[in-house]
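Number of protein chains: 2
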Amino acid sequence: MQAEIIAVGTEILLGEIVNTNAQYVAKQLARFGIPSFYQTVVGDNPQRLTETIALAEKRSQLIILIGGLGPTPDDLTKQTLAAHLQKRLLADQVALEKLVTWQKQIKKEMPTNNLAQADYIEGSEVLANDVGLAIGCYLKTADHVYVVLPGPPREMLPMVDHQVVPRLAQLTGAKQVIVSKMLRFFGIGESLLADQLADLIGQQRNPTIATYLKGYEIGVRLTAYATDAQTAEAIIAPLAQEVRDRLSDFYTGEGEERTLVDEVVDLLKQRQLSVTAAESLTAGLFQAKLAEISGTSTVFSGGFVTYADAVKTQLLGIPAKTIERETVVSAEVARLMAESSRKQIDTEFGLGFTGVAGPDELAGQPAGTVFIALAQRDDDTQVQLFHLAGQRNEVRERAVASGFKMLYDRLIKM
Amino acid sequence: MQAEIIAVGTEILLGEIVNTNAQYVAKQLARFGIPSFYQTVVGDNPQRLTETIALAEKRSQLIILIGGLGPTPDDLTKQTLAAHLQKRLLADQVALEKLVTWQKQIKKEMPTNNLAQADYIEGSEVLANDVGLAIGCYLKTADHVYVVLPGPPREMLPMVDHQVVPRLAQLTGAKQVIVSKMLRFFGIGESLLADQLADLIGQQRNPTIATYLKGYEIGVRLTAYATDAQTAEAIIAPLAQEVRDRLSDFYTGEGEERTLVDEVVDLLKQRQLSVTAAESLTAGLFQAKLAEISGTSTVFSGGFVTYADAVKTQLLGIPAKTIERETVVSAEVARLMAESSRKQIDTEFGLGFTGVAGPDELAGQPAGTVFIALAQRDDDTQVQLFHLAGQRNEVRERAVASGFKMLYDRLIKM
Chain A
1 MQAEIIAVGT EILLGEIVNT NAQYVAKQLA RFGIPSFYQT VVGDNPQRLT ETIALAEKRS
61 QLIILIGGLG PTPDDLTKQT LAAHLQKRLL ADQVALEKLV TWQKQIKKEM PTNNLAQADY
121 IEGSEVLAND VGLAIGCYLK TADHVYVVLP GPPREMLPMV DHQVVPRLAQ LTGAKQVIVS
181 KMLRFFGIGE SLLADQLADL IGQQRNPTIA TYLKGYEIGV RLTAYATDAQ TAEAIIAPLA
241 QEVRDRLSDF YTGEGEERTL VDEVVDLLKQ RQLSVTAAES LTAGLFQAKL AEISGTSTVF
301 SGGFVTYADA VKTQLLGIPA KTIERETVVS AEVARLMAES SRKQIDTEFG LGFTGVAGPD
361 ELAGQPAGTV FIALAQRDDD TQVQLFHLAG QRNEVRERAV ASGFKMLYDR LIKM
Chain B
1 MQAEIIAVGT EILLGEIVNT NAQYVAKQLA RFGIPSFYQT VVGDNPQRLT ETIALAEKRS
61 QLIILIGGLG PTPDDLTKQT LAAHLQKRLL ADQVALEKLV TWQKQIKKEM PTNNLAQADY
121 IEGSEVLAND VGLAIGCYLK TADHVYVVLP GPPREMLPMV DHQVVPRLAQ LTGAKQVIVS
181 KMLRFFGIGE SLLADQLADL IGQQRNPTIA TYLKGYEIGV RLTAYATDAQ TAEAIIAPLA
241 QEVRDRLSDF YTGEGEERTL VDEVVDLLKQ RQLSVTAAES LTAGLFQAKL AEISGTSTVF
301 SGGFVTYADA VKTQLLGIPA KTIERETVVS AEVARLMAES SRKQIDTEFG LGFTGVAGPD
361 ELAGQPAGTV FIALAQRDDD TQVQLFHLAG QRNEVRERAV ASGFKMLYDR LIKM
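For the protein sequence lines, the chains are A and B, in the order given.
Mapping the first sequence onto the UniProt record's numbering, position 257 (from 1) lands on 257, and the numbers just tick up by one.
Mapping the second sequence onto the UniProt record's numbering, position 269 (from 1) lands on 269, and the numbers just tick up by one.
Because the hints were derived from the structure by calculation, they are not lab data.
Treat the hints with care, since some could be wrong.
In this list, chains with the same sequence are indistinguishable; a pair is considered to hold if it fits within one copy or across any two.
Claimed, not checked - Calculated cross-link-like contacts (lysine to aspartate or glutamate; reagent style EDC-like; alpha-carbon spacing at most 16 angstroms):
hint	residue 1	residue 2
1	Lys269	Asp379
2	Lys181	Glu254
3	Lys27	Asp309
4	Lys214	Glu11
5	Lys98	Asp130
6	Lys27	Glu16
7	Lys27	Asp346
8	Lys58	Asp74
9	Lys214	Glu16
10	Lys214	Glu190
11	Lys87	Glu190
12	Lys27	Glu11
13	Lys214	Asp380
14	Lys214	Glu397
15	Lys87	Asp378
16	Lys140	Glu57
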């Protein structure tokens, strides 16, 4: 069996977006050893798309079409493939109900084009869209297998992972089970981390080992192939232990979809402890990240955004004289921010963030200089100085991540 | 003239690298208004590459081949194209000398394959490689123009910028200037917006008109071609006016790289007005977005994250009885949040955000229900109810964007 990927979208031809979808799907094909000799990009044009499909049918048995499932009139991939195969389009009831619910939620009128997102090609299996509204299709004919996927990567990726990969496994008769484990680390650069694991990476076979940037964390993915899941897990276990041991200071947990923030919120919930913050350069970003996690309200009830000196004095009672003497970018101000916010909201932990986001320097300190303080009830306050790299908003994001790491390190030792 | 990009490389088919080269070249083609209906990726295989070139010759006049110029035996792009066109390969003296110098420097023996990097196709103009060793070619035949480029982006990009772009300008007789204008809108779905502009989109030629998702805003890009910039701008102006008029309620400004937050911060600065917020479901995200803009400190000094009811009472003085009576997701609580925060920080504007991020309902209201209040010094407080679509963090992001839109609408009328 040979495969061929067709990305549909005028925006790719105009160079407005990069065709990362093709790479993602190509990787999955490679994983199953399915040869792929061509990738094509074609615009949202029924005639040229039909010609492209007809050419692909001559060269390949597995044809994967990506994009053009959206609600606008130029999204025509399903319609074009259906017409080419002389099959009808049918409405999927589940997807249609989801569209109706969505319409109710936003209380706006829905153009009829929107309904096409719930269509599937007669005879195909529906690939549900867990993230968006446009469903995909998986269609077997006498000579070909067609897979139709949505264009937005955040919709396409989970559809591939959960619905296409198992079907590829079945197609190729891969009785092989693949098990992956993602270990996450924070506070070490990717190249330094790779250096620490150089020998393991060099001799990899099964399990394989690969590093990834995951936001401000670095992921190390271990993947094993075996006849069953238990065997695969047994192959991974000792290597996972070795990797964790070598990088224990930077370890932030396990899991592909989780982040350091998930770990911190879960630890706080388990230990029934609460947290607040007073934020200067990060201006609410730490607290906003906490609230990204559903159910945070049991451990977080609110806090302070104290961007200007005067507001630090007004809301946190930090004496103007102290700010003047120590400067606003100082360990002392960070400490007082953490302690005052903790005391006022009456939480177990309080964090204080003060520093220079940039691009200009502040209080005589260069951009990237950040003090983060962690106050705890009946305990000493810990203050750490960071020199963070990057542009203004990278510095702010890294500062927030560093705050979460300080809290994580405290929590796992409790 | 139509163009077509062929990327050559098995590593792309295996998903090991993303085809960013195609995007870069596609952008240049779009810049010159050269239509491109196909992009193809093919492996380092002479037979399949020849078939791909032959197909491209039927569809397009300008054929751009990228990759496969390196020193390894599977780099065969120039050889394959030369054979297909029945032309000889010749060695470029400058490139050859560079190879010899390089060999001396690294003090290693040079496989003869390396020498092929200095080859060009008989009759073509040499495209010098300022960064690497493999030269490109620019070849005009009776029916076609072929451009052959190296695969590594750091070699390809400068070659395109300095040697291909001037030739494209010559080819298209582009005394033509291309001018684009990006209009931005918020608060309307992309498909509804496209409906409003359907007749304009249908009859587009020069200027062209296209819609884009830009975060939570929608961009409408108008692009005109003319002999000079002034003429192009004159062609765009009436259409831009028409688009703005039709969608005036949703208009949020102009500019490719700007966002609604930039507009709001600039308007506040121009009018020397300040803002604060009290945030419940958004938990600091509105304030964190304000602080993304460098120099925000002149208009923003801090505010409140009041996630739990008790903290709304403690920090904002909202009576517990009011929260109980009205429920926390209510116009009244949003109003009190906005007014109290404004009064305490003594700013011109105060925003209050309360609502249901989801996934669960809250205070009897479904996920997506959000009240946003805008208080202004010596003025009535405006409260708006939103029904926002999406998952938890989309609801939170959309709520923040909606708050910025309310503030923007107030500011432009001042």
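Query raised in the report: Which hint numbers doesn't this structure obey?
Result: 1, 3, 7, 8, 11, 13 and 15
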